[in-house]
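Taking my numbering, the leading residue of the sequence shown gets 1, the next gets one more, and so forth.
Please keep in mind that the hints were generated in silico from the structure rather than gathered at the bench. One or more hints might be untrue.
Below, in silico cross-link-like pairs of lysine-lysine (DSS-like), each with a Cα-Cα straight-line distance of 27 angstroms or less [stated by the list, open to error]:
(1) Lys93 / Lys115
(2) Lys54 / Lys87
(3) Lys148 / Lys115
(4) Lys148 / Lys93
(5) Lys135 / Lys71
(6) Lys135 / Lys115
(7) Lys87 / Lys122
These numbers come from a predicted model, not from an experiment.
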Amino acid sequence: VIIIITCFVKNIKYKQNLILAAVTLLIVFSNSFLLNQFAKVWDVSSGPSDTTTKYSCAIVLGGFVSEDNHKNGFLNWAADRYIQGIKLKETGKVTHLLFTGGNASLKPDGFTEGKWISSELKAFHFPDSTLLFEKQSRNTVENIQFSKILLQSRHLQPPYLLVTSAFHMRRALLICKKAGVQVVPYPCNFFAGKGSISMDSFIPSAETLANWNIYLKELVGYAVTTIKS
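Turn these sequences into a full structure, and let the hints guide you.
If you want it as structure tokens, here you go:
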């Protein structure tokens, strides 16, 4: 945006300052070291402190399924949410799994994440009574609202494990708190804030720019959720 603005600025000094600002922002937001430092503060990285406690249900937030050009689903970069949910069920940490995720597109009759997951889980031969699917939600707020209704209808007692990406957990926990849903965080899908420092950490990276976009979205969402009553 700043570069575009410079095209319409005639004052040379002002234009130079804008270019300098653009370059500075590019360096800052493409630096993986700085992103990792921020992620270490923002991410919720710790799970349940008591490893022996068993829970009635794990709420697995959607966003880990995408649709290809042939209208088929596939696991995307956030697939660890799905993997950890399955692991919790297989190891007996939870008795039920609730997968929440509907259709976030503008087509109401389009691809639905929940339906695809339901089909995929048949290969694990879990009892149908232990699997719950919420297929109407379009965002995290609706994920939690509709999940609460479903959990109450099945008489599953809290607290529940909340499974989502570490970068997304802070906002999700706030939404749960405001919705009156008692959960214990079970973060996964770590892609920043981990690893050792190397020379590559200070080399501009397009991937880091993309990751900053994810974190900025979370920051804005957290602020909006905080302001809303």
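Hints and how they fare:
no.: 1; hint: Lys93 / Lys115; in the structure: holds, 24 angstroms
no.: 2; hint: Lys54 / Lys87; in the structure: holds, 13 angstroms
no.: 3; hint: Lys148 / Lys115; in the structure: holds, 19 angstroms
no.: 4; hint: Lys148 / Lys93; in the structure: holds, 20 angstroms
no.: 5; hint: Lys135 / Lys71; in the structure: holds, 17 angstroms
no.: 6; hint: Lys135 / Lys115; in the structure: holds, 7 angstroms
no.: 7; hint: Lys87 / Lys122; in the structure: holds, 15 angstroms
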